[in-house]
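Colleague: Given these sequences and hints, build the entire structure.
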Amino acid sequence: MPPACEYHDVIILGAGASGLLCGFTAAQRGRSVLILERANKVGKKILMSGGGRCNFTNHFVEADNFLSANPHFCKSALKGYTQWDFIALVEKHGIAYEERKHSQLFCKDSAKDIVAMLLDECAEAGAQVRSHCELDSIRALDDNSRRYQLELHHDGRPQTLQCQSLVVATGALSVPTLGGSGVGYEIARQFGLSVTERRAGLVPFMFTDNIKNLCERLSGTALEVSVSCNGTTFNEAMLFTHRGLSGPAMLQISNYWYPGNTISIDLLPGQDAAQWLLQHKQEQGRSRLRTLLSQPLPKALVSELQTLWWPGKEEAPLAEFSDRDLQRIGQLLNAWQLKPSATEGYRTAEVTLGGVDTAGISSKTMEAKQQPGLYFIGEVLDVTGHLGGFNFQWAWSSGYSAGQFA
1 MPPACEYHDV
11 IILGAGASGL
21 LCGFTAAQRG
31 RSVLILERAN
41 KVGKKILMSG
51 GGRCNFTNHF
61 VEADNFLSAN
71 PHFCKSALKG
81 YTQWDFIALV
91 EKHGIAYEER
101 KHSQLFCKDS
111 AKDIVAMLLD
121 ECAEAGAQVR
131 SHCELDSIRA
141 LDDNSRRYQL
151 ELHHDGRPQT
161 LQCQSLVVAT
171 GALSVPTLGG
181 SGVGYEIARQ
191 FGLSVTERRA
201 GLVPFMFTDN
211 IKNLCERLSG
221 TALEVSVSCN
231 GTTFNEAMLF
241 THRGLSGPAM
251 LQISNYWYPG
261 NTISIDLLPG
271 QDAAQWLLQH
281 KQEQGRSRLR
291 TLLSQPLPKA
301 LVSELQTLWW
311 PGKEEAPLAE
321 FSDRDLQRIG
331 QLLNAWQLKP
341 SATEGYRTAE
351 VTLGGVDTAG
361 ISSKTMEAKQ
371 QPGLYFIGEV
381 LDVTGHLGGF
391 NFQWAWSSGY
401 SAGQFA
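Sequential numbering from 1 applies to the sequence shown in the UniProt record's numbering.
It should be emphasised that the hints constitute simulated quantities derived from the structure, not laboratory data.
Please note that a few of the clues may not be correct.
Claimed, not checked - Here are the computed distance ranges between Cβ atoms for each label pair:
| hint | residue 1 | residue 2 | range |
| --- | --- | --- | --- |
| 1 | LYS41 | ALA359 | 16 to 24 Å |
| 2 | GLY192 | SER131 | 44 to 52 Å |
| 3 | PRO298 | HIS153 | 48 to 56 Å |
| 4 | SER194 | ASP142 | 23 to 31 Å |
What the hints assert, rightly or not - Here are the simulated lysine-lysine pairs, DSS-like style, with alpha carbons at most 30 Å apart:
| hint | residue 1 | residue 2 |
| --- | --- | --- |
| 5 | LYS101 | LYS112 |
| 6 | LYS112 | LYS44 |
| 7 | LYS75 | LYS92 |
| 8 | LYS75 | LYS101 |
| 9 | LYS299 | LYS212 |
| 10 | LYS101 | LYS369 |
| 11 | LYS101 | LYS339 |
| 12 | LYS75 | LYS44 |
| 13 | LYS92 | LYS108 |
| 14 | LYS92 | LYS364 |
| 15 | LYS44 | LYS92 |
| 16 | LYS75 | LYS369 |
| 17 | LYS92 | LYS41 |
| 18 | LYS339 | LYS369 |
| 19 | LYS112 | LYS79 |
| 20 | LYS44 | LYS108 |
| 21 | LYS369 | LYS79 |
| 22 | LYS79 | LYS101 |
| 23 | LYS41 | LYS108 |
| 24 | LYS44 | LYS364 |
| 25 | LYS339 | LYS299 |
| 26 | LYS79 | LYS299 |
All C-beta atoms in this analysis are idealised placements derived from N, C-alpha and C, irrespective of residue type, glycine included.
Modeller: As structure tokens, this is what we get:
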């Protein structure tokens with residue numbers, strides 16, 4: 001072995017959520033661990049998540065909260081390292097947190113607390129972290145104790161590293177400005193693993209027709225809705241933007257939408273809008289429709305809807321609307337059909353759907369079945385969580401699983 005070659009039992013590519021947790025877990029077993037980060041600092045995605053407060057997990061985590069070609073794959077890891085395990089770690093470090101809507105847990109102060117906690121655990125366990133590392137190549141070695149050799153540049157200087165276990169925690173294609181890339185897929189393919197089709201997930205929708213203009217005019221307006229697509233429904237807030245529709249409801253349903261699909265938006269969830277309108281026609285026939293609708297809905301939205309759905313009758317009292325007209329408007333309120341032209345793509349997507357095919361990975365250890373010593377964890381795998389702390393929990397759980405065996 002040339003003298004310039006440096007050896008570690010475990011080398012982890014990526015110092016994000018899954019990589020850091022895997023790093024200190026492996027180091028706690030007495031393994032020598034080196035975590036390599038391409039960016040100038042670690043945990044960038046953690047720092048920007050949850051508006052800088054990091055929605056680090058959820059009180060209720062189940063396999064149903066995740067999408068994958070194999071919906072059972074995530075179960076073993078989620079059971080092996082639960083939300084309660086991570087919450088205990090957060091509490092051990094004295095990090096103040098709070099529960100918000102839908103059982104989501106956020107830092108009270110800053111996401112920096114989570115990154116600091118992970119780095120403290122790495123330091124205490126003896127796992128080294130290096131940033132500014134640009135990977136050039138990986139090759140498999142015949143030696144069972146030194147299975148992989150990496151060529152890279154650290155701070156611009158060439159380095160050769162060897163390890164017995166190589167963990168790929170490189171993330172995925174979402175938010176390239178925070179270090180997202182496809183390098184993990186390239187590594188998977190190099191060693192004979194297949195990669196499923198990928199697309200942007202948890203991402204806002206865009207429109208090209210008159211709905212785009214409507215969204216521009218309503219930019220900043222938000223309301224609670226129920227949105228459905230391909231048999232899945234979410235009840236969350238929707239936000240109009242100058243490009244289209246965003247907010248938790250739209251991000252959630254984007255995981256189930258494909259180009260050409262229509263989304264159905266219920267603007268009055270839990271309310272039979274047609275019956276409600278007909279009842280008010282009987283009781284308050286002299287009221288205008290927009291006055292009635294402005295009680296549960298934002299006035300600016302009602303103003304746009306009357307141009308769309310009852311043009312020319314803006315000033316007419318309810319009594320002048322036929323029952324059929326009110327039933328039609330009620331149906332539109334409960335099931336507004338919109339066809340997005342596209343999503344905003346990886347630039348703003350919180351996650352990448354698809355990834356390294358889990359058929360080639362052990363669900364217990366995260367090790368490639370046909371490639372000893374090669375592990376894949378976190379977002380690079382074909383496991384994607386709903387909005388609400390689930391993707392971080394997958395990072396913690398999969399990182400821990402690999403850290404137990406790498």
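Colleague: Against each hint, give a clear statement of whether it holds in the structure.
Modeller: Each hint tested on the structure:
Checked against the hint of 16 to 24 Å, the C-beta distance between LYS41 and ALA359 comes to roughly 35 Å, which is inconsistent with it. Restraint check, GLY192 to SER131: a C-beta distance of roughly 30 Å breaks the suggested window 44 to 52 Å. Distance hint for PRO298 and HIS153: a CB-CB separation of about 53 Å, consistent with the stated range 48 to 56 Å. At roughly 25 Å, the beta-carbon separation of SER194 and ASP142 lies within the given 23 to 31 Å, and the hint holds.
For the suggested pair LYS101 and LYS112, the alpha carbons sit about 22 Å apart, so the restraint of at most 30 Å is met. For a cut-off of 30 Å, the pair hint linking LYS112 to LYS44 stands: about 10 Å separates their Cα positions. Restraint check for LYS75 and LYS92: satisfied, since their Cα atoms lie roughly 26 Å apart, inside the 30 Å limit. Distance hint between LYS75 and LYS101 is fulfilled; the C-alpha atoms sit about 24 Å from each other, no more than 30 Å.
At most 30 Å may separate the alpha-carbon atoms for a hinted pair to count; LYS299 and LYS212 meet this at roughly 19 Å. A threshold of 30 Å between alpha carbons decides the hint, and for LYS101 with LYS369 the separation of about 39 Å lies outside it, so the pair is violated. As the CA atoms of LYS101 and LYS339 are separated by approximately 28 Å, the hinted pair is consistent with the 30 Å bound. Taken as a hint, the LYS75 and LYS44 pair is honoured in the structure, with Cα atoms around 27 Å apart against an allowance of 30 Å.
A hinted pair counts as satisfied when its Cα atoms are at most 30 Å apart, and LYS92 with LYS108 qualifies at roughly 15 Å. At roughly 26 Å between alpha-carbon atoms, LYS92 and LYS364 fall within 30 Å of each other, so this suggested pair holds. Taking the CA atoms of LYS44 and LYS92, the gap is near 23 Å; set against the 30 Å cutoff, the hint holds. The straight-line distance between the Cα atoms of LYS75 and LYS369 is roughly 18 Å, inside the 30 Å bound, and the hint therefore holds.
A threshold of 30 Å between alpha carbons decides the hint, and for LYS92 with LYS41 the separation of about 24 Å falls inside it, so the pair holds. Only pairs whose Cα atoms come within 30 Å are accepted, and LYS339 paired with LYS369 is rejected, the gap being roughly 42 Å. Restraint check for LYS112 and LYS79: the C-alpha separation of about 27 Å stays at or below 30 Å, so the hint holds. Restraint check: the Cα-Cα separation between LYS44 and LYS108 comes to about 18 Å, which is no more than 30 Å; the hinted pair holds.
Annotation: proposed proximity of LYS369 to LYS79 holds, straight-line Cα distance about 21 Å (limit 30 Å). About 24 Å separates the Cα atoms of LYS79 and LYS101, which keeps this hinted pair within 30 Å; it holds. For the suggested pair LYS41 and LYS108, the alpha carbons sit about 23 Å apart, so the restraint of at most 30 Å is met. Proximity of LYS44 to LYS364 is assessed by CA-CA distance (about 28 Å); at most 30 Å being required, the pair is judged to hold.
With a CA separation close to 24 Å, the supplied pair LYS339 and LYS299 stays within the 30 Å bound. Simply put, LYS79 and LYS299 have alpha-carbon atoms about 47 Å apart, too far for the 30 Å limit, and the pair is violated.
In this structure, the earlier hints numbered 1, 2, 10, 18, 26 are contradicted, and the remaining ones agree with it.
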